[in-house]
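S.K.: Sequence:
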Amino acid sequence: MISMDKYFIGIDIGTQGARVILSDQNGNAIAEEQKGFALTELTRQQQSPSDWWQACELCLQTLLEATSIEIKKSIVAIGVTSTSGTVIPLDVNGLPLHDALMYSDQRSASVAKKCSLAAAKAGAKFTAFGSSTGLAKMVWFADQYPELNKKVDKWVHAADYITGKITGSFKYTDYTNCFKSGYDLVRKEWPDYLFNELGLKRACMLEVVPSGKVIGYIDTNLAQSLKIGNEVEVVAGITDGCASQIAAGATALGQWNTTIGTTMVIKGVSSILVQDEKGRIYSHLHPSGYWMPGGASNTGADWVTSDFASELKLLNELAANLIPSAHLSYPLIQKGERFPFIAPQATGFEEPNLNKEERYTANMQGVAYIERYAYDLIEHLS
Numbered sequence: 001m002i003s004m005d006k007y008f009i010g011i012d013i014g015t016q017g018a019r020v021i022l023s024d025q026n027g028n029a030i031a032e033e034q035k036g037f038a039l040t041e042l043t044r045q046q047q048s049p050s051d052w053w054q055a056c057e058l059c060l061q062t063l064l065e066a067t068s069i070e071i072k073k074s075i076v077a078i079g080v081t082s083t084s085g086t087v088i089p090l091d092v093n094g095l096p097l098h099d100a101l102m103y104s105d106q107r108s109a110s111v112a113k114k115c116s117l118a119a120a121k122a123g124a125k126f127t128a129f130g131s132s133t134g135l136a137k138m139v140w141f142a143d144q145y146p147e148l149n150k151k152v153d154k155w156v157h158a159a160d161y162i163t164g165k166i167t168g169s170f171k172y173t174d175y176t177n178c179f180k181s182g183y184d185l186v187r188k189e190w191p192d193y194l195f196n197e198l199g200l201k202r203a204c205m206l207e208v209v210p211s212g213k214v215i216g217y218i219d220t221n222l223a224q225s226l227k228i229g230n231e232v233e234v235v236a237g238i239t240d241g242c243a244s245q246i247a248a249g250a251t252a253l254g255q256w257n258t259t260i261g262t263t264m265v266i267k268g269v270s271s272i273l274v275q276d277e278k279g280r281i282y283s284h285l286h287p288s289g290y291w292m293p294g295g296a297s298n299t300g301a302d303w304v305t306s307d308f309a310s311e312l313k314l315l316n317e318l319a320a321n322l323i324p325s326a327h328l329s330y331p332l333i334q335k336g337e338r339f340p341f342i343a344p345q346a347t348g349f350e351e352p353n354l355n356k357e358e359r360y361t362a363n364m365q366g367v368a369y370i371e372r373y374a375y376d377l378i379e380h381l382s
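Residue numbering for the sequence shown follows my numbering, starting at 1 and increasing by one per position.
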C-alpha cells in the first residue's frame, strides 16, 4: 500500500558542504546526508559548481538507497537553499565558464562602489552593493575576463544552479537570491542601470519568481538514477538566511531570529521597508507582502570548526564557568566585515597568551557582542 503521507527533499549548498534532508509533511526529519568541502582561502573566493553537484548527487544516492520504496513513491517536491551573493556564469549549454564567485570573495571590492553609485543615480531603494553582493561580482567578472564574459549566456546563483541541474533548465531564480544581484523588489524588475550603466546583458538575467513556486519537474534521467518518480516537483529556491528564518519560525510581524553558521545571520519581519544608506541592513520580500530586514556578519562559528571542534563538549562546560570574560576577542577569520558595520579591511584579534579555554570563551563572548551590536543597530534604524 502506498503511503498517504507526503515527503520532501531539501538541499543546502553551504560554504563548507552540501547537505540533503528528507522530511515528512510535518517537518520531521526522516533521513539526512552531507558531504563537506575543504575550507581554504581559495575556496572562500571561488568553488567548483561541478563539485557541488557531485556532492549533491552522492548525498541523494546515499540517502535514497536507504529509504523504503513506499516513502520514495511519496516524495512530492524538492527545494534548494544556498549562500546569498554567490554567482556563476554559464554558457549556452548550461556549463560553468568559471568557478562560482563566493559571497566571501573580496576581489570585487574594487567595483562595488561603482555599482552603488549607479544604483543611487538611478534612485534604487537598495544601493549598498558591497563585495559580498552578486552584482559586484558580475561586474568584476566582466571587467577581469572580457572575452570570457562574451560567452556568458546566463548568470545564476548557487541555488539556481543546483535547481537547474535537477530540472535540466536554467531559467528561474527567486526574490531572495536575485536581490543582491540588483533586482528591484519594489518594482519587481531588473532595473535599466544594470545594463545601461554597468554593462551587464539583460538576456543573461533569469526570470524571477517567489521562493517555493513550482518551476518544473525532476529530470527523467535523474529520477531514474535515484529511483523516484519523474513527477516530483522542483520549486524555486531561497537563500540560506531566509530559509533559516522561516525554519526557526520567525515569520510573523515583530519576530526575529539569529542563525550562526560560517556567518551570523540576523533576520526578522517588519511592516515597513527598513532602509540603511550604509548597506549594513537590507530587506528581503516576505511572501505575505511584509519585509524581512536583516544582515549577515562574517563573524560566525567557522573559528569553532577550525580551532576547537575536537574538544567542543569540554570547552562548552569550561566556558560556562568563565563567563563573563575579561578578555576581548573579535573572532573574524577572513578579512572584511559587513554587519553590523562595514569594514572591507577588518581583521580579527584576540589577546595574547590565553590558554585554550580562555580563547574559546573570549571568542564566544565576542560573537555575542557582535550580535548585541547588531540588534541595537536594527532597533535604531527601525
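Hints are computed from structural coordinates only; laboratory data are not their basis. In this text the structure is predicted, and so the values were computed from the model without any measurement. We treat Cβ as the ideally placed atom computed from N, Cα and C, and that holds for glycine. Do not take every clue at face value.
The calculated label-pair distances, taken between Cβ atoms and stated as ranges, are [unchecked claim]:
no.: 1; residue 1: K356; residue 2: A38; range: 20 to 30 Å
no.: 2; residue 1: D51; residue 2: E207; range: 39 to 49 Å
no.: 3; residue 1: F195; residue 2: K73; range: 24 to 34 Å
no.: 4; residue 1: M4; residue 2: Y145; range: 44 to 54 Å
no.: 5; residue 1: F349; residue 2: Q255; range: 50 to 60 Å
no.: 6; residue 1: G249; residue 2: P210; range: 12 to 22 Å
Keeping only pairs whose Cα atoms sit at most 25 Å apart, straight-line, the calculated DSS-like set for lysine-lysine is [what the hints assert, rightly or not]:
no.: 7; residue 1: K150; residue 2: K114
no.: 8; residue 1: K335; residue 2: K278
no.: 9; residue 1: K6; residue 2: K278
no.: 10; residue 1: K114; residue 2: K6
S.K.: Work down the list of hints and note, for each, if the structure agrees.
M.R.: Quick rundown of the hints versus the structure:
1. K356 / A38: 20 to 30 Å: At 24 Å between Cβs, range holds.
2. D51 / E207: 39 to 49 Å: violated (27 Å)
3. F195 / K73: 24 to 34 Å: violated (46 Å)
4. M4 / Y145: 44 to 54 Å: holds (53 Å)
5. F349 / Q255: 50 to 60 Å: At 34 Å between Cβs, range violated.
6. G249 / P210: 12 to 22 Å: Given range 12 to 22 Å: holds, Cβ gap about 20 Å.
7. K150 / K114: holds (21 Å)
8. K335 / K278: holds (19 Å)
9. K6 / K278: This hinted pair is violated, its Cα atoms lying about 45 Å apart.
10. K114 / K6: violated (48 Å)
Checked against the numbered hints listed earlier, the structure breaks hints 2, 3, 5, 9, 10; every other hint is satisfied.
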